[in-house]
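All chains, please: the whole structure from these sequences, using the hints.
Protein chains: 2
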Amino acid sequence: MNLEEKVKKVEHIFDGVVVDLDVETVELPNGKTAKREIIRHQGAVAVIAITSENKMVFIRQWRAPLGQETLEVPAGKIEPNEDPSITAMRELNEETRFEADKMEFLNSFYTSPGFADEKMYLYHAINLKPVTNKLPQDEDEFLELVELSLPEVEVEISKGTICDSKTLISILYWKMMQ
Amino acid sequence: MNLEEKVKKVEHIFDGVVVDLDVETVELPNGKTAKREIIRHQGAVAVIAITSENKMVFIRQWRAPLGQETLEVPAGKIEPNEDPSITAMRELNEETRFEADKMEFLNSFYTSPGFADEKMYLYHAINLKPVTNKLPQDEDEFLELVELSLPEVEVEISKGTICDSKTLISILYWKMMQ
Numbered sequence: 001m002n003l004e005e006k007v008k009k010v011e012h013i014f015d016g017v018v019v020d021l022d023v024e025t026v027e028l029p030n031g032k033t034a035k036r037e038i039i040r041h042q043g044a045v046a047v048i049a050i051t052s053e054n055k056m057v058f059i060r061q062w063r064a065p066l067g068q069e070t071l072e073v074p075a076g077k078i079e080p081n082e083d084p085s086i087t088a089m090r091e092l093n094e095e096t097r098f099e100a101d102k103m104e105f106l107n108s109f110y111t112s113p114g115f116a117d118e119k120m121y122l123y124h125a126i127n128l129k130p131v132t133n134k135l136p137q138d139e140d141e142f143l144e145l146v147e148l149s150l151p152e153v154e155v156e157i158s159k160g161t162i163c164d165s166k167t168l169i170s171i172l173y174w175k176m177m178q
Numbered sequence: 001m002n003l004e005e006k007v008k009k010v011e012h013i014f015d016g017v018v019v020d021l022d023v024e025t026v027e028l029p030n031g032k033t034a035k036r037e038i039i040r041h042q043g044a045v046a047v048i049a050i051t052s053e054n055k056m057v058f059i060r061q062w063r064a065p066l067g068q069e070t071l072e073v074p075a076g077k078i079e080p081n082e083d084p085s086i087t088a089m090r091e092l093n094e095e096t097r098f099e100a101d102k103m104e105f106l107n108s109f110y111t112s113p114g115f116a117d118e119k120m121y122l123y124h125a126i127n128l129k130p131v132t133n134k135l136p137q138d139e140d141e142f143l144e145l146v147e148l149s150l151p152e153v154e155v156e157i158s159k160g161t162i163c164d165s166k167t168l169i170s171i172l173y174w175k176m177m178q
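Protein sequence lines correspond, in order, to chains A and B. For the first sequence, the tail end lands on 178 under UniProt numbering, and the numbers increase by one without skipping. For the second sequence, the tail end lands on 178 under UniProt numbering, and the numbers increase by one without skipping.
Check the hints yourself; a few may be wrong.
Stated by the list, open to error - The calculated lysine-lysine pairs, modelled on DSBU-like cross-linking and capped at a C-alpha distance of 30 angstroms, are: (1) A/Lys35 x B/Lys119; (2) B/Lys159 x A/Lys8; (3) B/Lys159 x A/Lys102; (4) B/Lys77 x B/Lys102; (5) A/Lys119 x A/Lys159; (6) A/Lys32 x B/Lys77; (7) A/Lys32 x B/Lys102.
Calculated directly from the structure, the hints in this document are not laboratory data. Being a predicted model, the structure only gives us computed values, none of them experimental.
Structure follows, in structure tokens:
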């Protein structure tokens with residue numbers, strides 16, 4: 001069965017800093033039309049960073065959409081024309097002051113394909129160590145670094161502080177590395 | 001450190017069927033203000049459904065934001081005041097014509113906490129079997145049912161057909177159940 005929806009019209013609703021919003025009118029396989037609300041995002045990376053003490057590195061930050069603090073793996077948006085592995089190395093430096101010998105690509109995935117095109121590239125930072133050349137940090141970004149063992153991770157999941165898809169995927173990969 | 005951002009103003013940009021968009025003006029911990037673009041979503045469920053032949057049940061569908069077909073685990077939006085386990089049973093029936101003795105809750109997570117409040121509840125369908133009472137299907141929803149073994153799943157991941165966060169999390173849980 002051909003499932004394709006043909007785009008008939010695109011209405012640009014919003015151009016933001018992080019997201020844009022389009023409403024598309026599409027033709028369904030049965031010839032009828034429907035509306036699709038689509039969030040456009042430039043894509044992002046997430047990094048599994050494990051210390052020599054076998055702890056995972058997390059960022060504590062405020063998440064406005066949730067109205068709460070979370071613990072998430074280091075992550076950030078891909079700049080235009082930036083290779084995702086470079087983004088991963090840069091964000092790890094900026095957010096955690098760690099660097100790695102290399103970034104091993106594990107997987108990529110769309111975070112919410114029903115309404116958004118955000119694609120997330122997941123890397124494993126190989127041979128983690130303190131940075132020698134500190135990249136400048138955003139003065140309006142408020143972060144705290146937290147290192148947790150696997151049992152401590154389980155506690156934070158049950159408390160709801162660790163609560164997002166990229167971080168859960170990272171932890172599941174980490175478990176499989178044990 | 002107190003990381004909280006205090007909401008000073010909310011501007012409603014868009015009220016849609018699937019998403020709403022707000023732009024919030026927030027006060028940062030250092031007293032400065034910033035804008036936050038926030039997608040509001042009613043939340044959703046995803047279901048790990050494993051057949052008696054040890055295959056995972058997937059839905060093939062067109063995803064407008066990606067402009068491609070995907071294979072995803074059965075999933076759907078939570079209706080107002082609906083218990084997520086009821087949503088899970090309903091969506092499994094509507095999308096796959098399977099039902100389960102019960103829905104075991106595995107985890108919940110925010111799909112993209114940087115810009116969206118969508119919360120996903122993940123269930124494992126216990127004792128999968130064909131439905132006895134078929135719930136009505138949406139005539140404008142075009143789906144195909146696909147059952148895959150774990151090696152077949154790995155092929156679809158490498159081809160990029162299996163490519164979203166809830167489905168990847170489901171597969172990682174399934175691997176740990178083997």
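Structure-based check of each hint:
1. A/Lys35 x B/Lys119: holds (23 angstroms)
2. B/Lys159 x A/Lys8: Roughly 28 angstroms between the alpha carbons, so the hint for B/Lys159 and A/Lys8 holds.
3. B/Lys159 x A/Lys102: holds (25 angstroms)
4. B/Lys77 x B/Lys102: Judged against 30 angstroms, a Cα distance of about 19 angstroms means the pair holds.
5. A/Lys119 x A/Lys159: holds (27 angstroms)
6. A/Lys32 x B/Lys77: holds (22 angstroms)
7. A/Lys32 x B/Lys102: violated (37 angstroms)
In terms of the numbered hints stated before, the structure departs from hint 7 and from no other.
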